[in-house]
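> Line by line, the protein sequences give chains A and B.
Heads up: the first sequence is residues 2 to 326, going by the working numbering.
Heads up: the second sequence is residues 7 to 262, going by the working numbering.
Because the hints were derived from the structure by calculation, they are not lab data.
Small disclaimer: the values here were computed from a predicted structure and weren't measured.
Any given hint could be a false lead.
As the list claims (entries may be wrong) - Now the stretches of chain B that chain A is said to cover, found in silico as 3 or more residues with beta-carbon under 8 angstroms:
1. 110-120
2. 140-154
3. 222-231
To be verified - Straight-line distance between alpha carbons at most 25 angstroms, and here's what the computed DMTMM-like set of lysine to aspartate or glutamate pairs gives:
4. Lys241/B <-> Glu227/A
5. Lys241/B <-> Glu216/B
6. Lys155/B <-> Glu307/A
7. Lys322/A <-> Glu236/B
8. Lys322/A <-> Glu258/B
9. Lys286/A <-> Asp31/B
To be verified - Negatives, chain A to chain B, calculated, CB over 10 angstroms:
10. Val137
11. Gln176
12. Thr189
13. Asn297
Every residue, glycine too, gets a C-beta built ideally from N, C-alpha and C.
Listed below, chain by chain, are the residues.
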Amino acid sequence: MADILILAETEGDDIVDATLEALTAARSLDGDLHVLLCGDAVDEDAAAEKLGAYGADTVHVAEHDLLNVFGTEAWGQALALAIEELTPDVVVASGTSKGNEILAIAAARLDLPFVANCISLPSELADDTDVELTRVQWGGSLLEDATLSSDTRIVSVGHHAVEAESADGPAADVQTMPVEIDELYARTQVVGREMAEAGVTLATAPIVFGGGRAVGSVEAFAPLEECAELMGGRVGCSRAVTNNGWRPHRDQVGQTGTRIAPELYVASGISGAIQHWVGAMASKKILAINTDAEANMVVKADYFVEGDLHTVIPAVAEEIKRRKS
Amino acid sequence: MRVLVCVKRVPAPGAKINVTADGQDVDTAHLGFAMSPHEECAVEEAVQIAERFEGDATVLTLGAPEAEEQLRYAASLGVQNAVLLSTDGTPWDPQRTARAIAAAITSLEADGGPFDLILFGNESADSGGYQVGIRVAHALGRPIVNAIKGIEPDIDGGLATAKREIDGGFELYSLPMPAVMGVKEGLNLPRYPTMRGRLASKKMDVTVMEAEGEAGGQGRVTLKQPPATESNMVKLGDGPEAAPAIVDLFEELGLL
Ligand SMILES: Cc1cc2nc3c(=O)[nH]c(=O)nc-3n(C[C@H](O)[C@H](O)[C@H](O)COP(=O)(O)OP(=O)(O)OC[C@H]3O[C@@H](n4cnc5c(N)ncnc54)[C@H](O)[C@@H]3O)c2cc1C
Ligand SMILES: Nc1ncnc2c1ncn2[C@@H]1O[C@H](COP(=O)(O)O)[C@@H](O)[C@H]1O
Numbered sequence: 002m003a004d005i006l007i008l009a010e011t012e013g014d015d016i017v018d019a020t021l022e023a024l025t026a027a028r029s030l031d032g033d034l035h036v037l038l039c040g041d042a043v044d045e046d047a048a049a050e051k052l053g054a055y056g057a058d059t060v061h062v063a064e065h066d067l068l069n070v071f072g073t074e075a076w077g078q079a080l081a082l083a084i085e086e087l088t089p090d091v092v093v094a095s096g097t098s099k100g101n102e103i104l105a106i107a108a109a110r111l112d113l114p115f116v117a118n119c120i121s122l123p124s125e126l127a128d129d130t131d132v133e134l135t136r137v138q139w140g141g142s143l144l145e146d147a148t149l150s151s152d153t154r155i156v157s158v159g160h161h162a163v164e165a166e167s168a169d170g171p172a173a174d175v176q177t178m179p180v181e182i183d184e185l186y187a188r189t190q191v192v193g194r195e196m197a198e199a200g201v202t203l204a205t206a207p208i209v210f211g212g213g214r215a216v217g218s219v220e221a222f223a224p225l226e227e228c229a230e231l232m233g234g235r236v237g238c239s240r241a242v243t244n245n246g247w248r249p250h251r252d253q254v255g256q257t258g259t260r261i262a263p264e265l266y267v268a269s270g271i272s273g274a275i276q277h278w279v280g281a282m283a284s285k286k287i288l289a290i291n292t293d294a295e296a297n298m299v300v301k302a303d304y305f306v307e308g309d310l311h312t313v314i315p316a317v318a319e320e321i322k323r324r325k326s
Numbered sequence: 007m008r009v010l011v012c013v014k015r016v017p018a019p020g021a022k023i024n025v026t027a028d029g030q031d032v033d034t035a036h037l038g039f040a041m042s043p044h045e046e047c048a049v050e051e052a053v054q055i056a057e058r059f060e061g062d063a064t065v066l067t068l069g070a071p072e073a074e075e076q077l078r079y080a081a082s083l084g085v086q087n088a089v090l091l092s093t094d095g096t097p098w099d100p101q102r103t104a105r106a107i108a109a110a111i112t113s114l115e116a117d118g119g120p121f122d123l124i125l126f127g128n129e130s131a132d133s134g135g136y137q138v139g140i141r142v143a144h145a146l147g148r149p150i151v152n153a154i155k156g157i158e159p160d161i162d163g164g165l166a167t168a169k170r171e172i173d174g175g176f177e178l179y180s181l182p183m184p185a186v187m188g189v190k191e192g193l194n195l196p197r198y199p200t201m202r203g204r205l206a207s208k209k210m211d212v213t214v215m216e217a218e219g220e221a222g223g224q225g226r227v228t229l230k231q232p233p234a235t236e237s238n239m240v241k242l243g244d245g246p247e248a249a250p251a252i253v254d255l256f257e258e259l260g261l262l
């Protein structure tokens, strides 16, 4: 039977949801599921229970002082060492920023290929050394069937490409794995953080009010801000908006911005260019507000209101306030 | 302060990206070419750092001879030197690309001294492999961090502070130089080329080297369109009169 090694990504003292997506995808492979957990920030027993529920058989806790705070090279070396020790057939992580980075560092160290952002994991991946995988290109605007030839097959699963589903499994076994990490790699450890005000972020907001070029100015975003505030959501925007300097880039949705996955994305005055769409397509529902009934965003949306966003959005804000009072 | 930026020539697609009949590449018959927005920011950053610290900026690309267009574009923004690692234009896998770039950097540094900073895009616009910069950094034995949206070099201390975007804020890193970073759009607002820049870029010498790298373990079978998302779009109404229907929807979805 094959051995599959999944990299756990952590945030604070918890494992991120994206790792559960990767585990869910890895369950489609016939093999033992091993998870690598780096450092001591996450409680082992809690991790064993959470990861076990999603199908993990064993959690290997890599132990070294340098792993207790995130560091790209230290984590990458820990993964490379785990690959050497456990000799898995397949190595998987979610294709998040850090997931892809750590896989790439381990792959570079071991001089192995790494295929990023696959949309699923075919069963042959577990036992064939030459496999075909479908992965995203152009941020999701195109797909590529790619070959991967390697005894150890390192792949990431696109973030949001697979939905995390519990398997109601029992707690995983925990094994500690002391690792030797070169002290040199302290050079790429996190030395501090600058966090914005607490609260929901674009990536996690249940509702996002997106504005495009048609909003027209910094000030004209105020009604969108008001709606987002009233509903505990966030304002997003298109690249046309950030290029004009109307919003900071952290608000940009799309291929070179943030991938969002809210319950509802309200896209106002956004044409839905493919590079914007790929950042919005994981939304559960989309409402497009546009003067053009033929716009790409409108055609792909679940709901549509035809009209000028400058009159529709303020009316929506008023209606929310009326119902709340 | 010497800064090197690696950029990739990619088609500049419209609303839809079409694939050639044999499925081997993007159909570029009616398209222009560009570099990724991340890489444009990397070029801008290199120029700004070179200006601030009286250094110089070099741009490097691996690709068909036509990629000279992207090198000259970078020059029109203020980059002084350009290197073309020439290939026949067929897509190269990430390991092969990284091997060739690392070898070229080693030979450039043997002649001109080390680059204090090497900047990559976080990912290329087309293939999005998320690895060429990391593999090059590893080959050169240098520190690497990706997803960088802020850089502050401290020349005297030999360190470069880097801000990595994470959900809800930034993580800070302090990398000893020479260092490598993968940067993201939002790092800065790239300038537009000036007429003077354009004229200067026409005269810039491009160093051409044959790209050499052993193939890696990833190959292309075909490119294809993603499955069409079927739409069952429901029109809720017209203009501000649709506001109650919109807020009904918010309530239906349990958002209010
Ligand atoms: C490699 C690459 C990466 C990219 N990454 C991103 C990315 O991450 N995110 C991104 O957004 N873009 C990205 N782009 C850019 C993208 O191609 C588009 O240029 C951009 O998304 C267009 O923004 P927009 O929809 O706001 O503007 P436009 O395309 O100009 O659309 C404006 C829309 O507003 C509508 N409208 C006009 N007036 C009104 C009104 N009064 N009320 C309501 N509607 C109105 C119009 O009908 C139109 O649909 C990328 C491009 C490339 C090449
Ligand atoms: N052919 C190339 N020439 C120069 N730089 C490249 C090339 N391919 C990739 N890069 C650089 O490596 C980064 C990451 O690419 P990738 O691994 O394909 O996502 C890109 O943003 C570029 O900065």
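> Does each hint fit the structure? Answer for all of them.
To see whether the hints hold, each was checked on the structure:
1. 110-120: Violated, because only 0 residues of the stretch 110-120 of chain B bring their Cβ atoms closer than 8 angstroms to Cβ atoms of chain A.
2. 140-154: Coverage by chain A holds for the stretch 140-154 of chain B (10 residues, Cβ < 8 angstroms).
3. 222-231: holds (count 10)
4. Lys241/B <-> Glu227/A: 24 angstroms, holds
5. Lys241/B <-> Glu216/B: 57 angstroms, violated
6. Lys155/B <-> Glu307/A: The given pair, whose Cα atoms are some 37 angstroms apart, is violated under the 25 angstroms limit.
7. Lys322/A <-> Glu236/B: Roughly 34 angstroms separates the two Cα atoms, so the pair is violated.
8. Lys322/A <-> Glu258/B: Given that 25 angstroms is the threshold and the Cα spacing comes to 17 angstroms, the pair holds.
9. Lys286/A <-> Asp31/B: 32 angstroms, violated
10. Val137: Its Cβ does come within 10 angstroms of chain B, the nearest being 7 angstroms, so this is violated.
11. Gln176: Answer for Gln176/A: holds, closest chain B Cβ roughly 28 angstroms.
12. Thr189: Non-interface label fails for Thr189/A: nearest chain B Cβ at 5 angstroms, not farther than 10 angstroms.
13. Asn297: 6 angstroms, violated
Hints 1, 5, 6, 7, 9, 10, 12, 13 from the earlier list are contradicted by this structure; the remaining hints agree with it.
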